[in-house]
Every structure is written in C-alpha cells, then in structure tokens.
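Number of protein chains: 2
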Amino acid sequence: MLARTLLKTTAVRGIALRCRSAVWARSVLRPSVGRTCGYATHAAHLTADTYPTLVRDARYKKLGEEDIAFFRGILSEQEILQAGEGEDLALYNEDWMRKYRGQSKLVLRPKSTQQVAAIIRYCNEQRLAVVPQGGNTGLVGGSVPVFDEIVLSLAQLNKVRDFDPVSGILKCDAGVILENADSYLMERGYLFPLDLGAKGSCHVGGLVATNAGGLRLLRYGSLHGSVLGLEVVLPNGEVLNSMDALRKDNTGFDLKQLFIGSEGTIGVITGVSILCPPRPTAFNVCFLALENYARVQEVFIKAKKELGEILSAFEFMDFNSQYIAGQHLKGVAHPFSEKYPFYVLIETAGSNKEHDDLKLEQFLEGAMEEGLVSDGALAQGETEVRNLWQWREMIPEASASEGGVYKYDVSLPLKDMHSLVDAVNERLTAQNLSDTEDASKPVVCALGYGHFGDGNLHLNVAVREYTKQVEAALEPFVYEFVASKHGSISAEHGLGFQKKNYISYSKSPQEIKMIKDIKHHYDPNAILNPYKYV
Amino acid sequence: MLARTLLKTTAVRGIALRCRSAVWARSVLRPSVGRTCGYATHAAHLTADTYPTLVRDARYKKLGEEDIAFFRGILSEQEILQAGEGEDLALYNEDWMRKYRGQSKLVLRPKSTQQVAAIIRYCNEQRLAVVPQGGNTGLVGGSVPVFDEIVLSLAQLNKVRDFDPVSGILKCDAGVILENADSYLMERGYLFPLDLGAKGSCHVGGLVATNAGGLRLLRYGSLHGSVLGLEVVLPNGEVLNSMDALRKDNTGFDLKQLFIGSEGTIGVITGVSILCPPRPTAFNVCFLALENYARVQEVFIKAKKELGEILSAFEFMDFNSQYIAGQHLKGVAHPFSEKYPFYVLIETAGSNKEHDDLKLEQFLEGAMEEGLVSDGALAQGETEVRNLWQWREMIPEASASEGGVYKYDVSLPLKDMHSLVDAVNERLTAQNLSDTEDASKPVVCALGYGHFGDGNLHLNVAVREYTKQVEAALEPFVYEFVASKHGSISAEHGLGFQKKNYISYSKSPQEIKMIKDIKHHYDPNAILNPYKYV
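Order-wise, the sequence lines are chains A and F.
Everything in the first sequence is counted per my numbering, starting at 389 for the first residue and increasing by one.
Everything in the second sequence is counted per my numbering, starting at 389 for the first residue and increasing by one.
These aren't lab readings, by the way, just hints derived from the structure by calculation.
Treat each hint with caution, since some may be false.
Just a few of them, taken from the derived set where beta-carbon distance is under 7 Å, the chain F residues facing chain A [as the list claims (entries may be wrong)]:
id, residue
1, Gln544
2, Val554
3, Asn599
4, Leu634
5, Thr639
6, Gly640
7, Asp642
8, Leu643
9, Gln645
10, Lys692
11, Lys693
12, Ser789
13, Ser799
14, Ala879
15, Gly882
On a predicted model such as this, the values are computed, not experimentally measured, just so you know.
For glycine and all other residues, C-beta sits at the position ideal for the given N, C-alpha and C.
All chains, please: the whole structure from these sequences, using the hints.
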C-alpha cells in the first residue's frame with residue numbers, strides 16, 4: 389500500500405518534474421538565516437561574568453590613547469569604532485546566538501591587507517590582544533572578544549579580485565559575503581562549492597578560518613581540497629601570499645592548509661583563492677519516510693550508487709526533529725500524515741533535467757520495491773522544493789522555541805550516528821528530566837538531524853529552561869559518548885570558546901601538544917584570538 | 389565537411405555506444421606502466437658521481453655492526469637486506485627512471501607500525517639517516533638514497549585494515565599497491581579516487597607522501613580533500629594516529645595535512661584513511677582535433693558546463709606529442725589522418741550509460757556546429773577506448789625513444805599553458821639545437837601534453853642525446869618562464885632530489901623559511917630523507 393502511495397506520487401508529479409528550472413538559486417528557494425532571526429532577544433551576559441574563574445591575561449597591554457593615535461595614523465575615522473564615542477559595539481562584542489559577550493572598546497575595520505598587516509604588527513609589538521572577526525555567525529563563540537581584545541573586522545575587505553571563467557578559480561577578499569560571492573558566480577555559470585544557512589552574513593574568509601562544512605560538502609568536498617590559495621597576515625605582521633592559485637603545486641609543505649580551520653589563532657586570512665564548480669542547471673528534491681535507522685544507511689548506499697554524480701544532499705532527520713518542527717510550523721502540513729521514526733531529504737543537482745528526473749524516479753521506484761522506503765514525496769516546482777526543505781531547515785530555530793536549546797555538532801561513524809540521540813533521551817528520561825507533554829519537566833526532548841553523508845550529527849536538546857541538572861546530565865556524557873565511538877566533538881562548528889576545554893575528547897595528548905606547538909611557533913606572544921581553541 | 393565527418397562518426401558509432409560496459413576497470417583498458425618498461429636499461433650513475441660538489445653530511449653516523457645487531461633484535465632475517473650478503477640492493481638504490489643511484493648498504497622491510505617506530509626511534513638516537521621508500525616509482529629521485537642512508541621499505545605493510553561500505557572510507561597500510569587497493573574497492577562497488585600510470589607498483593602511502601595527482605583529480609579532487617586520516621611515525625619514533633577517519637573534524641589544526649606532500653621528510657606514513665567514491669558503471673571516451681589553443685579552452689568550458697558531473701578526464705596533447713607517439717607506435721593508425729595543432733581526449737564516467745551517451749553526443753554535435761572542433765572520434769567498445777587512450781598514454785615512453793628525454797611537470801594558468809612549449813621550441817630552434825628530421829641535431833622537439841583541467845602541463849624535450857648545450861638552453865629558462873607566469877615548477881611530481889635547488893622559482897623566501905622551520909621543528913636531527921626537498 390505504501391509503495392503505491394509513492395508510485396502514485398511520482399507518477400502524478402512526473403509531468404511537473406520535467407519543467408526546466410533554469411537556475412540553481414538556493415538563496416531564492418531557502419530563506420537565508422542571518423543574525424536577525426537569532427534565537428535569543430535579550431543581551432548576552434558578559435562572558436567574564438558567566439565564567440568567573442576565567443581571568444584576563446595580564447600579559448596583554450590595556451588599550452591606551454597612544455594606541456588609538458597609532459591606529460588613527462593608518463585608518464580613516466570611519467574605520468575606527470570606539471566605545472563611548474556614541475558607538476554601540478554590541479554587534480561586535482556579542483555572538484550570533486547571544487551566548488557570549490566581550491568588552492572590547494575598539495573595533496578596527498581596515499580596507500586593505502596592508503592596513504591589516506600594519507595593525508597586527510603594531511599589536512604584536514605592543515602585546516595588544518586581537519580578535520579577527522568575519523560575519524560573526526559562528527556557533528562556538530570564536531569570533532567575539534572575551535575581555536577587552538581589539539576587534540579586527542574584515543567586513544570592509546569585500547572585493548572580488550579576479551575570476552577565471554576557464555578554470556573556475558575565484559580570488560576574493562576575505563570579507564566578501566558568501567551570498568555575494570555565490571551571486572557573482574551564478575552570473576558566470578559557476579557555483580560557490582559550499583552553502584550554509586548563514587550565507588547572507590558569513591564571510592568567505594570566516595568560512596575558511598572555521599573550515600565550514602555545510603550542505604554541499606557531500607558533493608564538492610571539504611575546503612582543504614577546494615581552497616587553492618590564501619593570503620594571510622601572520623602574527624608578526626608579515627603577509628603570507630599563496631594567492632597565485634594553481635590546482636596543483638607540489639613544491640614544499642602545503643602551508644595554507646594549517647590556516648584552514650585555525651579559527652584566527654595563527655593568522656588573519658585576508659584573501660582566498662578557491663576552485664568553483666560549474667553551476668548545475670537541474671535540481672530535484674524528495675523527502676522520504678523510513679521505518680528504522682538501518683534503512684537510512686541502506687537508502688544512502690543505494691542513492692550513492694544510483695544517483696552517484698548528481699547526488700548533492702542527503703540530510704536525515706529523526707521523528708523528534710519533525711515533531712519539534714511541526715510544533716513550530718503550526719498549521720503547515722507535514723509531507724506525511726503518518727508518523728515515522730526517520731526521514732531523509734535527498735537533493736540532486738545535475739546538468740540535464742530529464743536525465744536527473746529519470747534517475748531519481750528509477751531510484752525511488754527501486755527503493756519502494758525493495759521495501760527500503762515507507763513513503764515518499766517528490767517536489768514539483770520551487771514552492772514544493774521550499775516546502776520540503778523547510779522541514780529540515782527549520783529544525784534549529786524550532787529546537788529553541790520552547791525556551792532554549794543545548795546544541796552539539798558532532799561527527800560519528802555512520803553506524804553509530806543516531807545511537808547518541810537515543811542514549812541522551814534514555815538518560816534524560818531515566819533522570820526524570822524530560823517529557824514532550826509535561827511542561828513541569830525542563831527538557832522537551834533530544835532530537836537528531838544532520839548531514840548524513842558526512843557523518844555529521846546535530847544533536848539538539850530542546851528545553852523549556854536551562855538548569856544545572858540538565859547540564860550535568862548532558863556534559864560530559866555527550867563528549868564521553870562521542871569519544872567512546874572515536875567521533876569528533878566538533879564536526880564543523882569548530883572549538884572557539886565553547887569547546888576549548890573539551891578537545892581532549894577528540895584529540896590525544898600528543899596531538900594537543902603538536903597543536904599547541906604550532907600555535908606557539910606562529911604566535912609566540914599569543915596575541916591572536918586568546919582564551920580560545922586550545 | 390569536417391562537421392559531417394564527426395556527425396557521421398557519432399551516428400555510426402551511436403549504436404555501439406549503447407552497449408553497456410559493466411565495470412570501469414582502467415587497469416584492463418590501459419596498460420599499467422611499471423618498472424619493467426623503464427626508459428633506460430643501463431644502470432644509473434652514482435648520484436654522488438653525477439653531483440661531485442655534493443658531500444655526505446658528516447652529522448650522520450656510518451652504519452656499524454652494533455646497528456645491524458639492533459635491527460636483528462626487532463626484525464626477522466627476511467626483513468633485513470644487507471649489501472654484500474648475496475643481496476643486490478639495486479632495486480632500492482636506483483630510481484625508476486635510472487637517473488639516480490644511492491649507495492645504501494641496508495634495506496629494512498618492517499611488517500608493522502611498531503617496528504617502523506622502533507627503527508625510526510633508534511635511527512634518530514643514533515643519527516642514522518633514513519630514506520622511506522614506497523613503490524619507488526617517483527620521477528624526481530625522492531625515494532632513493534643519495535649516499536649511504538638506510539632504506540626503509542614499506543612494501544610489507546600491505547594490508548587493507550578496514551572498509552566501510554556505507555561511508556566508502558578505506559583504511560589501509562601505507563604499502564598497499566594502488567592497483568590492489570582499487571581492485572579491492574571494485575569488488576565492493578567503489579573506486580580509489582586517484583589513478584595513474586604506475587598503479588601496478590606505486591603504494592598508497594607513497595601517493596600521499598608525494599600528494600600525487602594523476603588522471604582523476606579533475607573529478608575527485610586532491611588528496612588534501614579525500615585523505616581523512618593518517619598514521620605517521622614521527623622522527624622521534626612517536627606514532628601520530630588520526631586513523632579514526634571522520635569526514636568532518638574541526639578540533640584543532642588539521643595536522644595530517646602537513647604530511648600530505650611532505651615526501652618523507654618529517655614522518656613516515658604507515659597508514660592511510662581515504663574517502664572513496666562509488667564506482668561509475670558507464671564510461672565513454674572521445675578524441676577531438678582542434679585548430680588552435682583558444683579552441684582547447686573553449687571546448688573545456690563547454691565540456692565542464694554540458695558534461696558537468698560526468699566529466700572524468702580532459703587531457704590535451706599538442707601536434708608534436710602525437711608526432712612522437714606516431715613514430716613510436718609505427719603501424720598503428722592515428723584517429724585522424726589529417727594533422728592538427730591540438731588534440732583533446734575527453735572521458736566521461738557516470739551511473740547511466742544511455743544518459744551519458746546522449747550528453748556526450750549532444751555536446752559533440754554542439755561543439756561541431758559552433759566550429760570549436762575540427763574532427764572527432766568516439767570510442768565504441770573497450771578496444772577503441774584502449775586505442776584512443778594509448779595516444780595519450782604512450783607519449784612519455786615515446787618521448788624517450790629517440791635517445792632520451794628532459795621532463796618537466798609544471799602548473800601554469802590555463803591561458804599560458806602551451807606558451808611554454810612554444811617558447812622552448814623557439815629557443816631550441818634559434819640555438820640550432822633542434823630538428824625533427826635532421827639526426828645531427830641533439831633535440832628532436834619539445835612537446836606538451838597533460839591534465840588540462842588541472843592546469844598541469846607535462847613538457848617533454850625529446851632528445852637524441854643528452855648534451856650540456858641543450859641543458860643550458862633549458863635550465864633555468866623553463867623555471868624562469870614558469871615563475872614569470874606565477875606557475876609551479878612541480879605540479880604533481882614533487883621536489884625530491886631533482887628540484888630541491890629550484891624551489892625559489894615557485895616559493896618566496898618567506899615561504900621557504902616557513903617550510904624549513906617546519907622541517908626543523910619535526911626533524912631536528914634531519915634524519916629523514918636528507919639532501920632533498922628544501
């Protein structure tokens with residue numbers, strides 16, 4: 389019976405599927421999540437108050453008038469924002485989630501790499517601590533000050549430098565906003581090889597500094613492969629330039645790799661050279677219901693095999709994630725009226741709509757016949773594409789809508805991926821902390837979703853209120869669980885401030901020592917992004 | 389008229405094209421080039437004789453009986469090869485091209501990572517220099533000793549450790565031969581994301597140590613993106629282990645990246661974790677003739693756009709390369725009877741033969757109608773696929789068949805790629821050194837071919853004899869030309885021994901200093917692969 393439901397769906401929708409959609413413009417189809425839809429409306433507590441045992445490092449000089457005078461010598465008035473001069477620096481001091489708030493009194497907004505170099509050289513000589521800041525869309529407090537560090541905003545380094553339409557290599561300033569870079573590329577038939585919710589605010593340089601993953605990693609791979617060159621201001625003010633982007637260059641250690649994911653701790657990225665793929669002209673989205681976790685894995689294997697080169701996203705969601713999204717999207721009908729333990733959203737992107745439609749239809753029919761899929765819906769047209777995507781995209785916001793959310797971004801071997809969510813739910817229930825209906829319990833539920841193809845689980849614990857009991861139930865339990873499965877406690881969000889004390893769950897003492905050695909080697913005065921990373 | 393030739397070809401061959409080829413088995417279709425078909429049959433001169441100004445570094449201890457005794461304590465008799473004990477160490481002392489020959493008296497062939505660690509720890513303590521060696525198929529003398537360094541062969545670390553059919557992640561010892569790894573994956577529906585001529589001999593660990601590129605880079609990207617984890621024995625004997633391969637892990641600097649392309653200078657790779665894509669089930673090959681270099685670029689743009697996700701190779705060849713291959717393949721008819729200045733071989737690999745055939749046919753018809761292509765041939769069946777590929781694959785061997793060859797492997801911006809070949813030919817002609825017909829001239833011609841999609845040109849100068857005049861005409865001219873275009877003097881072959889003195893053409897003094905800093909940091913006693921790299 390279920391099989392017939394899907395087959396009918398595809399048959400009916402088959403005609404509409406053949407409409408050509410000329411442009412793969414994700415920004416049109418899915419709302420860009422930026423600062424304005426943040427999860428909290430109150431100002432964040434000062435990080436220094438939240439963590440009273442954390443003390444300002446006395447090695448750092450306190451900002452003086454002579455420092456301001458120096459910066460006035462190299463920057464124009466508009467490029468210097470000072471607290472107490474009618475300027476509100478909250479946007480620079482607070483993170484996007486409003487979990488962390490620093491106390492910086494000075495924001496510098498240089499317009500050139502030379503200005504960045506002059507600033508950093510001076511700060512290094514004077515022992516002034518600096519936080520490099522891109523779009524400030526990070527989720528681990530990595531891009532805001534903790535105490536009185538100077539904020540170095542890259543927002544005004546925002547020009548495309550060069551684009552080669554033959555090779556697809558884009559060279560741009562670090563402060564170019566992702567959506568702008570992608571729009572520029574779209575006009576030229578190319579695509580930025582990475583996409584994520586914050587595309588309307590986040591910077592290309594910030595993406596590289598945090599080694600962002602996002603939605604296209606399954607298809608286009610990690611930034612370690614697609615970034616071809618970087619321009620980086622080192623802590624001593626020297627400029628490391630490998631912007632002569634070549635796809636292949638085997639002359640010595642690939643130095644730029646260290647800066648990809650370094651979170652602003654050993655250099656300030658000012659320019660990026662990146663290889664961009666041709667923009668697909670055809671895309672499809674389908675939404676599937678599955679009866680257990682084993683099916684998710686089986687459908688993934690089948691999708692990789694049969695959709696192969698056109699598979700562009702394979703997102704998975706558990707029942708709780710759809711329950712929470714449903715509470716938030718009241719009045720919007722879920723793709724399926726019945727309940728299922730797991731759901732999968734598959735997106736294809738290719739160069740020939742008819743071929744892609746046929747591949748997807750054959751894949752879906754086979755999956756139904758083999759009993760892998762319990763129900764399915766195939767989008768016809770942009771409205772339906774948007775409707776299906778929202779059941780994946782709304783989960784983060786919905787998770788916080790009952791009061792708050794504890795968020796964990798982890799990597800786990802695929803076979804173990806959902807067992808963490810089950811374990812957390814069992815633990816919270818056993819401790820009498822969780823109930824989806826009973827409003828007297830602090831926790832609504834734990835839910836899981838994420839980029840299945842990348843082994844990247846987003847575990848959200850939706851709460852009605854933050855309590856010490858819930859926190860004690862979750863931590864270090866979650867980190868210990870991830871470590872026991874040889875996973876990573878940060879798949880794509882980075883360490884930042886939030887996770888700096890937990891790295892030992894993912895890295896050995898030897899690796900931590902090697903990481904600290906590199907930090908010390910490049911930034912002996914530790915002026916860059918202090919109190920974070922390791 | 390030309391247009392009709394191609395259209396007829398495709399129409400006639402269209403039927404055969406639709407035959408399904410079940411397996412993409414390159415090893416069947418293209419002969420694997422291994423040591424046995426080396427370009428030279430004489431034994432190489434001792435490197436120490438060829439470079440008389442190069443002196444053995446007196447810091448290194450000379451091998452003594454007590455050292456042999458130590459190694460006998462950790463290795464079995466079969467794992468120790470000593471010169472003068474009835475053992476011929478030529479295979480380990482000489483490179484594949486027979487350009488370099490070291491004088492090692494000892495080859496160690498450990499079977500476990502622990503044995504490698506014990507060896508390296510001891511050598512570090514005793515200041516014994518060591519050359520890690522994989523399949524010894526490198527082209528720059530990086531894997532053979534220069535003086536009396538101990539050869540540490542990874543050939544017996546040759547087990548697949550684990551494969552996850554859901555994620556496609558392969559974990560294996562460094563000494564697994566590429567072809568064996570790929571056969572293992574083929575049986576499971578997966579593909580090693582890299583292919584090259586030496587696949588029958590080269591090791592997975594060696595590929596990573598040299599950051600090899602090869603034929604699939606256009607489609608599957610660089611090893612910096614696909615290698616997920618490494619096991620590396622550091623110069624102090626510690627084992628760095630990041631084999632818990634996760635597709636995403638943002639917890640600290642990505643340490644493994646430094647070892648990708650480090651050519652055995654800061655650690656010995658003993659294990660590799662790599663992400664493998666599903667194996668395509670359909671493939672096509674076509675061979676095109678083009679009237680000028682601008683057309684090559686235009687056809688590339690069109691192929692990327694229209695073949696997009698199924699494009700798996702875009703190899704280009706100039707007229708001279710086909711002339712030289714024709715001399716070598718006497719009696720074999722070239723795909724085209726007329727002569728053209730440029731040729732392109734395009735390969736597609738996808739999951740649906742009918743779709744791929746149609747895409748390729750439409751692409752070819754369009755290219756003909758637009759006048760981009762002067763003539764074309766489309767392979768029908770495996771024999772024709774092999775026949776077309778041989779006109780690309782035979783070039784290296786053919787280049788040396790008149791007596792010898794000077795080989796350069798460079799990266800250049802696409803627009804400048806062939807101008808190097810033109811410049812070299814003009815220079816050799818102007819100096820009266822070159823003539824394809826006149827056997828009294830030392831040079832036959834310079835020719836260019838390579839992985840166009842990667843900006844990787846192989847410049848070969850086919851010679852009748854090696855002379856100092858020719859060498860003086862070529863070097864440093866070639867390196868200066870590449871530097872003037874901001875290219876790389878080593879795209880994929882690495883620096884090794886051959887290019888260590890030329891790195892300054894591709895890297896700034898600051899970058900070279902940073903590279904040396906890293907070498908010194910990890911290997912303060914410089915025991916690993918001395919006299920090479922930088």
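Going through the numbered hints above, which ones does this structure break? Give me the numbers in ascending order. The structure breaks hints 1 and 12; every other hint is satisfied.
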